[in-house]
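Student: Each chain, letter by letter, is given below.
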Amino acid sequence: MQKDAIRDKVAITGVGCCRFGENWDQSPSDMIVDAAYEAYADAGIDEPQKQIDAVFTGSIYSNKGPHECSDALKLFGKPVTMVSNYCATGTDAIRCGVLAIAAGLYDTVLVVGYDKPKDRGVSGPTVMMDRVRDLPQTPAGWFALCAATYFDKYGAGREDLARIAVKNHHNGTLAPNSFLKREITVEDALNGRMISWPFGLYDCAAQTDGAAAAILTRADLAPKDAVRVKGVTVIAGPNPQKDPGNDFLSWKPTGWAAADVYAQAGVDDPAKQIDVAQVHDCFTLTELLTYEDLGFIEKGSAKEHIADGRFELTGELPVNTDGGLKSFGHPTGATGVRMIYENVLQLRGDAGPRQVPAPGIALSHNIGGHPTACGIAILGKS
Amino acid sequence: MAGIVSYGAYVPPTRLGFSVIGGGRPKDGGPERAVAWNDEDAVTMAVTAGVNCLRGHDRAAVDGVLFASTTHPFREKQGAALIAKALDLRRDVRTADLAGSVRAGTDALRAAFDTVAAGSAQRVLVIASDARPGAPGSGLERAFGDGAAAFLVGATDAIAEDEGGFAFSDEIVDVWRGAGDAFVHSWEERFVVQEGYTPGIVEAVQGLLAKLGVGVGDFHRVALYAPDARSHGGAARALGIDPGNLVDPLFGRLGNAGVAFAPLLLVSALETAKAGERILVANHGDGGEAFALSTAAPIEKLESRRGVAWHLERRRAVQRYDRYLKARNLQAAEYDAGTGPGLSATVHFRERDDEIAFKAQQCGQCGALQFPAQRVCETCHAKDDFGLVRLSDQVGAVVTYTFDHFFPTPDPPTIVTITDIGGARVHLQLVNLAPDQVRIGMPVEFEFRRIHQVGGRPNYYWKGVPLAQ
Chain A
1 MQKDAIRDKV AITGVGCCRF GENWDQSPSD MIVDAAYEAY ADAGIDEPQK QIDAVFTGSI
61 YSNKGPHECS DALKLFGKPV TMVSNYCATG TDAIRCGVLA IAAGLYDTVL VVGYDKPKDR
121 GVSGPTVMMD RVRDLPQTPA GWFALCAATY FDKYGAGRED LARIAVKNHH NGTLAPNSFL
181 KREITVEDAL NGRMISWPFG LYDCAAQTDG AAAAILTRAD LAPKDAVRVK GVTVIAGPNP
241 QKDPGNDFLS WKPTGWAAAD VYAQAGVDDP AKQIDVAQVH DCFTLTELLT YEDLGFIEKG
301 SAKEHIADGR FELTGELPVN TDGGLKSFGH PTGATGVRMI YENVLQLRGD AGPRQVPAPG
361 IALSHNIGGH PTACGIAILG KS
Chain B
1001 MAGIVSYGAY VPPTRLGFSV IGGGRPKDGG PERAVAWNDE DAVTMAVTAG VNCLRGHDRA
1061 AVDGVLFAST THPFREKQGA ALIAKALDLR RDVRTADLAG SVRAGTDALR AAFDTVAAGS
1121 AQRVLVIASD ARPGAPGSGL ERAFGDGAAA FLVGATDAIA EDEGGFAFSD EIVDVWRGAG
1181 DAFVHSWEER FVVQEGYTPG IVEAVQGLLA KLGVGVGDFH RVALYAPDAR SHGGAARALG
1241 IDPGNLVDPL FGRLGNAGVA FAPLLLVSAL ETAKAGERIL VANHGDGGEA FALSTAAPIE
1301 KLESRRGVAW HLERRRAVQR YDRYLKARNL QAAEYDAGTG PGLSATVHFR ERDDEIAFKA
1361 QQCGQCGALQ FPAQRVCETC HAKDDFGLVR LSDQVGAVVT YTFDHFFPTP DPPTIVTITD
1421 IGGARVHLQL VNLAPDQVRI GMPVEFEFRR IHQVGGRPNY YWKGVPLAQ
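Residue numbers (the working numbering), protein chains in the order written: chain A, 1 to 382; chain B, 1001 to 1469.
Rather than coming from a laboratory, the hints here were simulated on the basis of the structure. Note that the structure is a prediction, hence the values are computed from the model and not measured. A couple of the hints might just be wrong.
Claimed, not checked - Partial selection, computed: residues in chain B whose CB lies under 10 Å from chain A:
no.: 1; residue: S1344
no.: 2; residue: V1399
no.: 3; residue: D1404
no.: 4; residue: T1414
For every residue, glycine included, the Cβ atom is placed at its ideal position computed from N, Cα and C.
All chains should be built: construct the whole structure from the sequences, respecting the hints.
Tutor: Listed below in structure tokens is the structure:
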């Protein structure tokens, strides 16, 4: 890839995010309308049918294709594409929008991520029995596989994970659209019912309904102080469960995606240069490993930094300032776009009680599948 | 002259103590029975017994498979063909199922002897396996046990040679299970024993003795089928058998294993027999039969097998009766996983080598093993250049693990591992141990098990078990 092909070519001029939670009384199109119209208003778009040139939409549970979004918003006669990449869907949809503008095809693109897992009538993990191999098949079971090996090698334990849950629960109380607004203690987290060792209830993000949207536009057509995209990538990796020689101490796609996006954005010292980050805390251990795999800290050192509060709102590198997947909620297709929403607010200084002091560079990270794909976006102010 | 070349067995490690039946606590050293657990059935036990029988023998030399059971989970879909695939035998084997009576196990052995003696095959694998359902709280629940025995029958190198048999047929309604019945039925016990079993087993043995011109005293070991311990003793007395020559019928340790019962007692006899001994085996059900074997020199050279004694030592006691009820599907559930067409037959067809025969691919260019087979090598990216390698008889090592609390099982959590088998990494459940016994690096071997019953039929795959010490 041409490393300079994206940086500063695309601006994000509007963002929107509906309430995340058990949205029993909202259809997918209700949520899409809420998020998209908030983004239109934020970007000053009052004639979307004229002003939006193309749409990228992301959802993994919908079986209705891009029509679900174009029909909700009455955006016809223009390209509407649905993106599907498990938990990396949101960042991937953003990436598609960025590529289309950077390539010179469009001036203004709408990206909408959404999902309604709560319509399936399932609380907690679904028990899938569609095959005989690789059962039980649960994300908690896949993402837990680094625990035994990481704990064994680096002396970490459930308490270190619990601190991450406590942090994200706290941050969620400060985000108006979050699903959970409830402080917890380390003891609450350790005593929660077991899901897939070492993950108890409080180590796992709940799947929720929700939608988030972003308006992307050519940087030269946007206001001078608009947030810009410095880099965005999505990288595919092997299934770690069958990858020969995998050490189960990190998830490879994160490291690969970080190297790519840092090269695009001109970041060579992420610990110093990244001011705020939203990372994929589908499970507490995923967030812990991500601190290391994004190069914020040395491999194996997470427990010390967690204990020091480095990643708290008041710390040197706040992570998951709006509560993350854990507290904000996790509608799979929407999550990557919700992270963009939060990072844009942070960069503008509009994050209220969650505001990080004067951030210049913000990073968002999604990882999904077994995990087999990682998407990262880096935003900044000129 | 045909004979037994090798043998093996499988007895489930799970043991249901009689004190636990009905809701009590386990009693150390008390009487118990072996019970196939929620991921086991007549087919899975047969595969493991077959593996144990074929250890040290060339699988490609097997010409036929006879599978005997009254509890094969399919009324139409051959057990022997499925077992042949799981054992990775040649495609051109002769396969057949025998069913319908507890006599089917010895029927199969007689048929194998006759086939080999006639020259129609060189080596025939006989497997008898049963997990008969006794109604909760019934005497049959207590008397039954689950297990499988396997024999490799051949014309050369026999450890025990067939001396001939005698059989008769009898029409009687004593013990039966109709096509739609959940449980085995038995008429009043005194009738079953006095009019069915005792005269029947006596007729079988005396018929054999007359045919061969010998007496009971000419046999070093006598293996007798019986419905329970008391009738076993009664039959032995009626036949004038010296108690010291009786093969222990294992009531209170294993139980009456249906078609596998007499075969398991035969395995038990072979395990300790020396050359030059005579063994009598008698079976009863819808008639009766008896046959004689004489052990030969090769029996003393046969390396020790996983037979009855090996399995009896390996026990995991059921702690609660409701766990057993759940394992054997004897409790009602809200949503039955049974309805619907089940797993895709076309996907199963494409994946039989992966899932039933448990074979990995070996890259023809770099030699790396990978599972499941795919067209491009994960290590060196060579395309369409690989052979298949059997994983089921290898030893693997646990790389990492987790414990899942949601997958349906009578005793959560489910231990899930990534296991390294010769460099191939496989996602496998691990059973026969408690979660706190799992260790990174621990060696494991593999057993064929039932994963679930989606579509109202058993769906099979492999699981890891700790490597036997």
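Student: So, for every hint listed, does it hold in this structure?
Tutor: Outcome of the hint check:
| no. | hint | result |
| --- | --- | --- |
| 1 | S1344 | holds, 9 Å |
| 2 | V1399 | holds, 7 Å |
| 3 | D1404 | holds, 4 Å |
| 4 | T1414 | holds, 6 Å |
The structure agrees with every numbered hint stated previously.
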